[in-house]
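Number of protein chains: 2
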Amino acid sequence: MSIEQLARDARLASVSLQSVTNEQKNEALLRIKQVLAERKDDIFKANEKDKQLAEEQVKLGKLSGSLFKRLDICNGDKFDTILSGVSDITSLPDPTKKVTMATKVDTDLSLYRITVPVGVLLTIFEARPEVVVNISCLALKSGNAVILKGGKEATFTNAMLANVIQDALASLPESNPIPKTAVQIVETREDISALLDLDRYVDMVVPRGSNSLVKYIQNNTRIPVLGHADGICSVYLDKDGDVSKATRIAVDAKTNYPAACNAAETLLVHQDLLKSDFFTQVAQALIDAQVTLKCDAASLAHLQKQLPASNKLEPSVEEDYHTEFLDHIIAVKVVADVSEAVEHINDHGSKHTDSIITENAATADYFMTRVDAAGCYWNTSTRFADGFRYGFGAEVGVSTNKTHARGPVGLEGLVIYKYRAYGNGNIAGDYGTGKKQFLHDPIAPSDYHV
Amino acid sequence: MSIEQLARDARLASVSLQSVTNEQKNEALLRIKQVLAERKDDIFKANEKDKQLAEEQVKLGKLSGSLFKRLDICNGDKFDTILSGVSDITSLPDPTKKVTMATKVDTDLSLYRITVPVGVLLTIFEARPEVVVNISCLALKSGNAVILKGGKEATFTNAMLANVIQDALASLPESNPIPKTAVQIVETREDISALLDLDRYVDMVVPRGSNSLVKYIQNNTRIPVLGHADGICSVYLDKDGDVSKATRIAVDAKTNYPAACNAAETLLVHQDLLKSDFFTQVAQALIDAQVTLKCDAASLAHLQKQLPASNKLEPSVEEDYHTEFLDHIIAVKVVADVSEAVEHINDHGSKHTDSIITENAATADYFMTRVDAAGCYWNTSTRFADGFRYGFGAEVGVSTNKTHARGPVGLEGLVIYKYRAYGNGNIAGDYGTGKKQFLHDPIAPSDYHV
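Read top to bottom, the protein sequences are chains B and G. Using our numbering, you'd call the opening residue of the first sequence number 1 and step up by one each time. Using our numbering, you'd call the opening residue of the second sequence number 1001 and step up by one each time.
No wet-lab data here; the hints were simulated from the structure. There's no promise every hint is true.
With a straight-line Cα cutoff of 30 Å, these simulated DSS-like cross-link-like pairs (lysine-lysine) come out [claimed, not checked]:
(1) K62/B <-> K78/B
(2) K1239/G <-> K215/B
(3) K1436/G <-> K69/B
(4) K97/B <-> K1436/G
(5) K78/B <-> K1069/G
(6) K97/B <-> K1098/G
(7) K40/B <-> K215/B
(8) K1069/G <-> K98/B
(9) K1104/G <-> K104/B
(10) K104/B <-> K1435/G
(11) K435/B <-> K1104/G
(12) K239/B <-> K1215/G
(13) K1078/G <-> K436/B
(14) K1098/G <-> K78/B
(15) K1040/G <-> K98/B
(16) K69/B <-> K1069/G
(17) K1436/G <-> K435/B
(18) K1078/G <-> K97/B
(19) K152/B <-> K45/B
(20) K97/B <-> K1097/G
(21) K1104/G <-> K239/B
(22) K436/B <-> K1435/G
(23) K104/B <-> K1069/G
(24) K98/B <-> K1097/G
(25) K97/B <-> K45/B
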C-alpha cells in the first residue's frame, strides 16, 4: 500500500471517529487490553527477536545498555504496567463534545463551540515499544486516528503490538464504528518523509525522542509539531531564598532523574548569596550528589575559596548555558538580581520550566510573570513538570510551543473545536444598519441543544 | 537597525507586556485613538501620496480599481470608523490572566493554568492601511508585541500610522510600562524573509491577504501561521430541505459578498431534488442574481431542460470544485446522499465553513458531526463565519488550522497559557510508592491565590 493511501485511510478513519461515543471508545480500549493479554506470548516472542538483534549491537558497541533496557517489555511487571495504563486511559473523561461557548446570535440562530478531535496524528518515537500502546490509546480516547513510527531497534515488537491493536479493533461488534485503520504503523524513514509532506491528511506530528529527531521534524514539515526539542530548565536562587528549600530543590531538580527534560541544567545565583554561606551550602549538596558544577568566574572564585578540596568545580563557557546536559552536570552563573535572572532565562532557556527560590512574594511574582516558559514555579522543583504530577492521568508529551498546547499535554492537547450553527434559513443580508440586529446572548448550559 | 535587533526589541517589549494591567492597556489604546485624531492631517497627507502613486498604476493598468478604493482612508466616514474601532477593542474584556485550571497537587503545592499573551506576532497584509491600527490594537489588548508589514501601495500611509502609534505609546506616563517597540513596522520583502527565519523571537505569523501570500508564508517558516489560504465553502441541499430556505441561503452565501472567504463556492445537490422543481427554483434564483453555474453532467442536463433559455449554465471540470472563484460563479454537483456530500466536502473543501439545508435533524447531525470544518452550519448561510457576527467584537482573521484557533479568531486566539506552581520547597523525590501521594484536588475560584 502506498503511503498516500495509508494516510488517506487514516483520514477516513478519523471521520468515522468524529461520531463515536465515549462508550464505544472505551469498548475499543478494553478490547485492546484484552487482546494484548491474550497475545502476550506473540508479543514476548517479537520482543525477544528485537532483543537478540539488539544484544549483538550492544556487543559491537553500537547500542547503549540503557537503550537496550528500555527495549525490554518482558521484564518484571513491565507488561502488566502497559495493560493497566490502558485501563487508566479508559477511565479518563472524554475530552471531546464539550461546549466551550454558546451564543444566541438571533432568536432563531444558535452558535456553539464544541471540542472535537484534531483528526490524524503522526507520532514518531524511539526505543520504548510501550509507546505504541500508550499513544494508540490516547489517540483513540480523544477520537483521533494515529500513524505510528517507532525506533528500528524495536521493529518486531512495535509491528506486533500494532498488529494486535488492529486485530482488537477489527474484532469489535458491528455496532462500534471504529475501523482498524484508526491505528496504523509505518517502518521506514522514507515513509516518514513522505508523511511529513502530506499535510492534506495529517493534522499534527508528535515526536517523542532526541533533540535531533524533534529538530529534524520541525524543520521538515508544514504540519504543526507538538513537543519539545530541548529542556533547558533553570533554578534561580534569590537573595531572599530559604537555604534549606534551595538545597533540596536544586538537588532534586538536577539529580532526581537527570535524563528527563524537566531536570535543571542551569543554576542562577543572586550575587548577595556569595556574601554568606548560602550558595556554598547549595553547591556542597550538589557536589555530594555527584554533580559537576560548570561555574562562571564569580561563582568559581567563590567556591574554589570555600570548597578548595572539591574536584567537581569547572569553569563554564557560554555554550554551557545553552546545553541540555542530561547528566550530573549543571551550569552555574551569578546574576545581579531577579531582573538579570529573568533576562538570562528568556535568552537561554527553552521555555520549558523554570523555578525561583525566594520567600519574597513580590520577587516571585516578578519572576513568574516575566519568565516566558510553559511552567513558572515558586519554591518548587522543575521535576514536577509532568502530566501525571499535574493530575492529567496520562501525558502525550511536554510541549514548549507557544501555540495550541503548552507544558505537559494530556488528552486536552489532542482536541480542537468546531463551531456549529443551528439556523432557520438565516442569511447575512438580513442583518446590518436599518435591518435585523444580532442578539449575542449567552446560552445557559440547561438550554443547550447540540 | 538590523531586522534581528528589531525582532529582539519586539521580544523584550513582549516581556514588558506580560505584566501590564487591563487599565494600562486601555490607557495605551485610548492614547492611540487620541493621537490618531490629532494627527489626522499628517495621516491624510501620507494617504494622498500613496493614492497619487496608485492612480498612476491604475492608469497603467497595473493596479485594480477595487484595490485603489481599499487604499483610501480619507473617504466618507472611513477615518471615524478606524477611530471607533479602537474604542471597540478597548471595551472588550481582557483575554489574559484568566485561570483555566487550578489544582491542589499537595496541601502546600498549588498549580494554576493561566492565560498569557502568545508573545510576538508578525502580521503581513495587503492594501487596506486601517489594518495597521486594527491589528496593533488587537495585539496590545491581548498583551502581544507586533511587527507589521503592509502592502507596498500603502507604504506612506502604513508608515505614518505606525509612527503615530509609536508616538502615542512613547507619550504614555512613566507609570505605564508599554514600550513603543510594542508596535513596529517593516517595509521590504527581504525583511519578511529574515523575520520568517527568526523563530527565536517571533511566536506567530498572521497573514491577511491573497491565497498566494498565505501559501508563501506557510511554506517558508517554522513559526506557527494563523489564517487561511483558501475559503472553499459549500452549501449542500438535502432531499429533505425547505426550498425557500435553500433559495435564500444559496443566493446569500454566493452573492452577499462574493470576494469574502466565507462565500459559497460549491453547491451540492441531493439527486432526489432533480425529480421536482426544487433544484430548478434554487438555480433560477442564483441565475437571477447574475451567478454563473458550472455544472456537472447530471445537473447540467437537468437545468438545460428546465431552463433552456439561460446563458448562465456551463459544464464544470474537476478543477472547479477546488477553486475559490471569489466572483459570481458557483460549481454545482449532484450527489447520491448526505454521505457523498460529506465525502466531497472533506476531499475538496478548505475546512472553512459548510452548510446543510435540511429539515431532517438526523441528517443535519450526520453532516455537522462528520464534516471536518471550522464551521458546520444547519439552515444558515456560510456568510455568518465572521468574528463580528459571532459576537467577538473584533477579529484577527479566520483560521482553517486544525490546532490552536479555528474559525473566526478574536482576542482569545492571541493568547496561550502558562502553568504557575506555588510550592513550599516541594521536590519530586518525596512522592511515589511508599512516599507522599498527590492530592490533585480542584481549587475553587474563591480560593485562588494567583
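- Message: Need the status of pair K104/B, K1435/G: alpha-carbon distance at most 30 Å?
- Response: The hint is violated at about 51 Å.
- Are the Cα positions of K97/B and K1098/G separated by 30 Å at most? Given that 30 Å is the threshold and the Cα spacing comes to 22 Å, the pair holds.
- Is K1436/G close enough to K435/B, meaning Cα to Cα at most 30 Å? violated (64 Å)
- Task: Below or equal to 30 Å on CA atoms is what counts here, so check K436/B against K1435/G.
- Result: violated (64 Å)
- Query: Is K1040/G close enough to K98/B, meaning Cα to Cα at most 30 Å?
  - Reply: Outside the cut-off at roughly 47 Å; violated.
- Message: Between the alpha carbons of K62/B and K78/B, is the straight-line distance 30 Å or under?
- Response: holds (25 Å)
- Query: Does the structure keep K78/B and K1069/G at a Cα separation of 30 Å or less?
  - Reply: violated (69 Å)
- Under the criterion that the straight-line Cα-Cα distance not exceed 30 Å, is the pair K1239/G, K215/B satisfied? violated (51 Å)
- K1104/G paired with K239/B [C-alpha distance capped at 30 Å]: holds (28 Å)
- Straight-line alpha-carbon gap K1104/G to K104/B, limit 30 Å: violated (36 Å)
- Sort out whether K98/B lies within 30 Å of K1069/G, counting only the CA atoms. Not OK: K1069/G and K98/B at ~44 Å, beyond 30 Å, violated.
- Task: Compare the distance between the alpha carbons of K1078/G and K97/B with 30 Å, and conclude whether the hinted pair is satisfied.
- Result: It is violated: about 42 Å lies between the C-alpha atoms, which goes past 30 Å.
Violated hints for the displayed structure, listed by number in ascending order: 2, 4, 5, 7, 8, 9, 10, 11, 12, 14, 15, 16, 17, 18, 22, 23, 25.
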